[in-house]
Structures are given as structure tokens and as C-alpha cells.
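K.L.:
These protein sequences, in sequence, are chains A and B. Heads up, the final residue of the first sequence is numbered 114 in my numbering, and it's a clean run with no missing numbers. Heads up, the final residue of the second sequence is numbered 1114 in my numbering, and it's a clean run with no missing numbers.
Hints are not guaranteed to be accurate.
As the list claims (entries may be wrong) - Here are the computed lysine-lysine pairs in the BS3-like style, where the Cα-Cα straight-line distance is at most 30 Å:
| id | chain 1 | residue 1 | chain 2 | residue 2 |
| --- | --- | --- | --- | --- |
| 1 | A | Lys-55 | A | Lys-78 |
| 2 | A | Lys-78 | A | Lys-113 |
| 3 | A | Lys-70 | A | Lys-55 |
| 4 | B | Lys-1013 | A | Lys-55 |
| 5 | B | Lys-1026 | A | Lys-78 |
Said to hold, decoys possible - Some chain B residues near chain A, calculated using beta-carbon distances under 7 Å:
| id | residue |
| --- | --- |
| 6 | His-1010 |
| 7 | Thr-1014 |
| 8 | Pro-1043 |
| 9 | Phe-1045 |
| 10 | Gln-1048 |
Unchecked claim - Below, a sample of chain A positions facing chain B; criterion: calculated Cβ distance under 8 Å:
| id | residue |
| --- | --- |
| 11 | Met-11 |
| 12 | Pro-41 |
| 13 | Ser-42 |
| 14 | Arg-43 |
| 15 | Met-45 |
| 16 | Ala-53 |
| 17 | Tyr-54 |
These are calculated hints, taken from the structure and not from any lab test. Source: prediction; values computed, not measured. All C-beta atoms in this analysis are idealised placements derived from N, C-alpha and C, irrespective of residue type, glycine included.
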Amino acid sequence: AQTVTQSQPEMSVQEAETVTLSCTYDTSENNYYLFWYKQPPSRQMILVIRQEAYKQQNATENRFSVNFQKAAKSFSLKISDSQLGDTAMYFCAFLSYNNNDMRFGAGTRLTVKP
Amino acid sequence: DAGVTQSPTHLIKTRGQQVTLRCSPKSGHDTVSWYQQALGQGPQFIFQYYEEEERQRGNFPDRFSGHQFPNYSSELNVNALLLGDSALYLCASSFQGGDVYGYTFGSGTRLTVV
Chain A
1 AQTVTQSQPE
11 MSVQEAETVT
21 LSCTYDTSEN
31 NYYLFWYKQP
41 PSRQMILVIR
51 QEAYKQQNAT
61 ENRFSVNFQK
71 AAKSFSLKIS
81 DSQLGDTAMY
91 FCAFLSYNNN
101 DMRFGAGTRL
111 TVKP
Chain B
1001 DAGVTQSPTH
1011 LIKTRGQQVT
1021 LRCSPKSGHD
1031 TVSWYQQALG
1041 QGPQFIFQYY
1051 EEEERQRGNF
1061 PDRFSGHQFP
1071 NYSSELNVNA
1081 LLLGDSALYL
1091 CASSFQGGDV
1101 YGYTFGSGTR
1111 LTVV
């Protein structure tokens, strides 16, 4: 069974600085997607960035980028130029091509300080 | 373009009662997944509906059941409520046959069982 581990329950960063959130996963699958979701106090899960496992190039979305290490089963999220609005829970998620059960980690609570 | 809509926003029920939660998917989406998110944890997959049938089910008891209507909206029913059913219930929609951009989530229904 696939599992997703986020080892940092809480993190904080100063506004305008860079922070990296860690995620590791365990799977025997070769074809899958990885996601980072943001959940602000409004509770809605918002997709931040996604990565397809067959792509070697790391995904980038504006200030958000990932470091995808397939062999190490690692998928970290880097947030550059942190903004106060980035304060939220961040969840790493895994979805196999052959399964509809998206697996989530326990989340990392990120606080951006002014 | 309406996103995923869930109702009600909050709900308080007594142990042993039954509850029905509702979800309208994003326009253009035909698949609905339900997740349970306990406090301080990541979401856990309950089941997914496609073409009005339960397509896949997570590790939840039969007290959890669902339905999908011809207009793709969905209901989650929970019978014989337990205190441990208190959680945020998230609905996510997606489109089969399209590229996987992850799921679009609603803001959830906060269920409290007393």
C-alpha cells in the first residue's frame, strides 16, 4: 500500500524568505502523480503544484517548485519569496495511475511571519 | 465557473443518528470522491463515484454509503453515528478521460457528533 510521510509537523519562515517542505512516499508503482495541496483556514484544499513520475524535470509554478527524486521517493516543495498569504497547512499527496485513492500525508503547518 | 459546492457547512448530530452530506461537482466534472479529514490529520479516502456507481472504496465500514445522481452530484450518508465520525468531510471532483490535474476540492462539511 502506498504511504505518504511528512516529517515536519510545523514550520515557520520570515516573509520574503525561502522555505522547503519535505515529503517522502512509499510505493511499488512506477506510474503515478504527486501533488502538493494548500489548506488555509477556509478549509478548501487548493492544488499548488503537481508532478508526473515519468517526467524527470521538476515542476515549477511561479514561486513554488519541487525537488522530485524518484529513486529516493522524495518530493519536497520549495516556496520562494514567502508571502503572508502562504500561511496554511500543506499536504503532500500521491495518486497511482491504477488507483483512485489519493493518499495524503499528515500535513505541515506553515506560518509566514512578517 | 462554479467550483465544488458542499452543503451544509456545519452540522451537529447525536450519536446513533444518521446524516446526509451533499456535493455538487465542478462544472464539466463527472467523478466525485469523498474524504474524511480528522482534526490534525490528512484526508482519508472514503469512496469514489463515477457513472452513478461506487467505483472504489477505502477502508470505511458499511455505515458509510453514497450515491451519485445523473447530474453528477453526490451524497454521502453515514448511519449509526459514532463520536469518532466527527471530522471534516471533503468532496472532490474530477473528470475521467482528461489529464489528471488533481482533484478539485470543496470547502467541506464539518460534522460534530455529540
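K.L.:
Has the given pair, A:Lys-78 with A:Lys-113, been kept, meaning a C-alpha gap of at most 30 Å?
P.N.:
17 Å, holds
K.L.:
With 8 Å as the cut and Cβ atoms as the points, is A:Pro-41 at the interface with chain B?
P.N.:
Given a least distance of 11 Å, the restraint on A:Pro-41 is violated.
K.L.:
Are the Cα positions of A:Lys-55 and A:Lys-78 separated by 30 Å at most?
P.N.:
Given that 30 Å is the threshold and the Cα spacing comes to 18 Å, the pair holds.
K.L.:
Can the hint on B:Phe-1045 be confirmed by a CB-to-CB distance to chain A that is less than 7 Å?
P.N.:
Holds: closest Cβ of chain A sits about 4 Å from B:Phe-1045, inside 7 Å.
K.L.:
Close enough to count: is the Cβ of A:Met-11 nearer than 8 Å to one in chain B?
P.N.:
With Cβ-Cβ at 16 Å, over 8 Å, it is violated.
K.L.:
For the restraint on A:Tyr-54, tell me whether the closest CB of chain B is nearer than 8 Å.
P.N.:
12 Å, violated
K.L.:
Going by Cβ atoms only, is A:Ala-53 closer than 8 Å to chain B?
P.N.:
12 Å, violated
K.L.:
Holds or violated: A:Arg-43 as interface residue toward chain B, Cβ cutoff 8 Å?
P.N.:
Since chain B brings a Cβ to about 5 Å from A:Arg-43, closer than 8 Å, the hint holds.
K.L.:
Any CB of chain B closer than 8 Å to the CB of A:Met-45?
P.N.:
4 Å, holds
K.L.:
Would you settle whether the hint for B:Gln-1048 is holds or violated, based on the nearest Cβ-Cβ distance to chain A being less than 7 Å?
P.N.:
5 Å, holds
K.L.:
Is the hinted pair B:Lys-1013 and A:Lys-55 satisfied, with a Cα-Cα distance of at most 30 Å?
P.N.:
47 Å, violated
K.L.:
Under the criterion that the straight-line Cα-Cα distance not exceed 30 Å, is the pair A:Lys-70, A:Lys-55 satisfied?
P.N.:
10 Å, holds
Hint check: violations occur at hints 4, 6, 7, 11, 12, 16, 17; the rest are consistent with the structure.
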